[in-house]
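Colleague: What follows is each chain in one-letter form.
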Amino acid sequence: MPTLTITNIRRPGSEKSETLTVENGLIKGWNIKPEGEIIDGNGATLVPAFIEPHAHLREPGQEQKEDLASGLAAAAAGGYGTVVSMPNTSPVVDDPAIVRALIEKAGRLGFARLRPAAALTRGQNGEQLAELSLLAGAGAAVFTDDGRTNENARTLRLGLEYAHSLGLVVSVHAEDAGLRAGGVMNEGAVSEALGLPGNPAAAEAARVARDLEICAMTGGRLHIQHLSTARALDLVRGAKARGVNVTCEVCPHHLLLTDEALRSFDAVYKVAPPLRTQADTEYLLAGLVDGSVDCLATDHAPHTRAEKERDLLEAPSGIAYIEIAFPLLWTHFGKGLGLQKLVELLTVDVARVLGWPAPELEVGQAADFTLLDLDTVRPVQPETFKSKAKFNPWTGQELRGWPVLTVVGGAVAFRRA
Amino acid sequence: MTAATGPRPRHLLDFQDWSAERLSALLDNADTMSQVLDRPVKKVPALQGLSVCTAFFENSTRTRISFELAARRMSADVVSFAAGGSSVSKGESIRDTIEVLTSYKVDAFVVRHASAGAAHLVARYSGKPVINAGDGRRAHPTQALLDAYTIRREFGSLEGKTVAIIGDVRHSRVARSNAELLPKLGARVVLCGPATLLPRELAADGVTLTTDAREAVRGADAVMALRLQQERMDAGYVGSLQDYAAQYQVNETLLSYAPDHAIVMHPGPMNRDVEISSDAADGPRSRILQQVENGQAVRMSTLYHLLVGRA
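In order, the protein sequences belong to chains A and B.
286 is the number that this note's numbering gives to position 286 of the first sequence; each next residue is one higher, with no gaps.
111 is the number that this note's numbering gives to position 111 of the second sequence; each next residue is one higher, with no gaps.
Note that these hints are calculated values from the structure, not bench results.
Source: prediction; values computed, not measured.
Heads up, a few of these hints could be off.
[Unchecked claim] Only some residues are given here: those of chain A computed to face chain B with a beta carbon under 10 Å: (1) 105; (2) 179; (3) 183; (4) 184; (5) 191; (6) 193; (7) 260; (8) 263; (9) 312; (10) 314.
[What the hints assert, rightly or not] Between beta-carbon pairs, the in silico distance windows are: (11) 395/A with 96/B: 20 to 30 Å; (12) 92/B with 3/A: 54 to 64 Å; (13) 96/B with 8/A: 46 to 56 Å; (14) 237/A with 124/B: 48 to 58 Å; (15) 59/B with 178/A: 29 to 39 Å; (16) 108/A with 200/B: 34 to 44 Å; (17) 242/B with 178/A: 21 to 31 Å; (18) 33/A with 124/B: 29 to 39 Å; (19) 92/B with 25/A: 33 to 43 Å; (20) 204/B with 178/A: 22 to 32 Å; (21) 124/B with 234/A: 33 to 43 Å; (22) 107/A with 84/B: 46 to 56 Å; (23) 8/A with 10/B: 51 to 61 Å.
Even glycine gets a Cβ: it sits at the ideal position worked out from N, Cα and C.
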């Protein structure tokens, strides 16, 4: 692996211009004599590469939406060095051979690292546990049935117990499928005005309440994905206070958008769980500030343009924007959260949730880092995306905080032209 | 023709862009159209040379016939597109379908679709004037206009009138469109139905909710029954059709609580002896067939308003 030196960089909170040298995939030293290929950092800010705990990369079987190459290149362009991919592919990632094949293929691509999540149950059928120990041995990072929800509480109990013995987290898409029914947006004044079937906040809260009880009973490690309602966050906060071993994530789209966006009838805003109310967005943001929300996730969920141009009942759920997640967050919440906290929510906090060692930019550690230009304003131009989903709700918006260089394992995974 | 102020709406998707003055003008013009329908030769050249496409992604023979006759009586050419057996059933997207139809150089679309917002998508993709002929639960504006027109003809004005709408409000585009339109024209709307079919969020200025049908009809100038579909039973909203009818059927017993002058309406098609008794549907209060007749005049006026637009 070639030696690489990045000059003229800053660390968060410091004005000092520094130099970082990496060799053999590891950090060799700070401010030592430059060697190897030299990249001028132009005064940008160096942080550990982000970790995405929740992305849909669609391979195998749904490559018309995204594949490992496009998804992991998009992640690297967004400053992410590691991605946890969701197992709801075709076939489902419930077979150790698929986990190994995905990791092997991703390793050859040279973009972000891949840590696949595996299905908790066979075929994500929600009934029979998958081969959890074999999947863990193959490299599965976390177990989840994700969007299929876990309707059978006993299966979730068994899964939490079994996964915990393997040292792994079970993550859940917490929505009561019965209450959600056919809801395509948040249930409330807007859904009734628009005549669209609503998905009530109680569907999330009721399921979170159930899963917290199961988690407490088993002592397992539960992670709640993409929390979207104030009420559910209250439940998680209460459980944490009782010592329940639970963590949760929120997504930038649940902080930035509300159900009002559906008045456009544009299915680009259809996402699961749905966009909620202004009060929810403010409550979730407060949860990020006070630490009751553990980390950020984008739930990068690409679909084809044709699929998202269907009507709201037919179009699939999901927004894909991993490439602009940090610029969105920095532009809209940088002042409120501060750089330090925002970066933690994308790095060490995600690692803690997943049970991984904290990423550090110290000598001898893996050279996974990203260089952020915190000042230059650029418009969102989806046509330039690495992702196959070249559209999103923020097209044309002027953002700052663009990643300019992402290094993964000591090699350049992305460099902004 | 009555003058109206404000920017002329390009589409009739719902009533958001429509001022009370413009809506009144449209209803005034419907009077003129009604007179055309009373003539031996029911045809005027107003839309000669223009073509109207009825694009029905969801089947509705009656509404389609009403629109097509309305357009033909204004001398427009009419082409009809029905999703069943077409490219849509082969998986073509609404965007592709509409772009192809637009390429045939039609001048306006009349759209029926099962999904709320589909008419908005047609407006976006076609760039042509669009009349929403029903999109999911959201809106059915010409039905509300013909309801308003029917009430206006009966009482001379909508100002201060009370309209009770009884039935499956949750799944009803007719209820939503009337709740949007009638208060704009000065009427009060009382939405009534079983609690499971009556979303609380629909309460608004001029729109009140009650689960008590007798309370709903007390003081009503018009009582409108909404269709209750068997699939609502299957989905568990109410225990049975009988259980529903016992409380909410519009019949002589319920109407005995209404003022003597109150009229009975139904957007059709009716489930007789479910949401409405035959006595009520066929009795002296019923204006159900007048609604159908008025529908043509209102749709002629709407087409005229959007395609000629001097009103």
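Colleague: Each hint should be assessed against the structure and marked as holding or not.
Modeller: Structure-based check of each hint:
no.: 1; hint: 105; verdict: violated, 31 Å
no.: 2; hint: 179; verdict: violated, 13 Å
no.: 3; hint: 183; verdict: violated, 13 Å
no.: 4; hint: 184; verdict: holds, 9 Å
no.: 5; hint: 191; verdict: holds, 8 Å
no.: 6; hint: 193; verdict: holds, 7 Å
no.: 7; hint: 260; verdict: violated, 14 Å
no.: 8; hint: 263; verdict: holds, 9 Å
no.: 9; hint: 312; verdict: holds, 5 Å
no.: 10; hint: 314; verdict: holds, 7 Å
no.: 11; hint: 395/A with 96/B: 20 to 30 Å; verdict: holds, 22 Å
no.: 12; hint: 92/B with 3/A: 54 to 64 Å; verdict: holds, 55 Å
no.: 13; hint: 96/B with 8/A: 46 to 56 Å; verdict: holds, 51 Å
no.: 14; hint: 237/A with 124/B: 48 to 58 Å; verdict: violated, 42 Å
no.: 15; hint: 59/B with 178/A: 29 to 39 Å; verdict: holds, 30 Å
no.: 16; hint: 108/A with 200/B: 34 to 44 Å; verdict: violated, 56 Å
no.: 17; hint: 242/B with 178/A: 21 to 31 Å; verdict: holds, 26 Å
no.: 18; hint: 33/A with 124/B: 29 to 39 Å; verdict: violated, 60 Å
no.: 19; hint: 92/B with 25/A: 33 to 43 Å; verdict: violated, 50 Å
no.: 20; hint: 204/B with 178/A: 22 to 32 Å; verdict: holds, 29 Å
no.: 21; hint: 124/B with 234/A: 33 to 43 Å; verdict: holds, 39 Å
no.: 22; hint: 107/A with 84/B: 46 to 56 Å; verdict: holds, 50 Å
no.: 23; hint: 8/A with 10/B: 51 to 61 Å; verdict: holds, 55 Å
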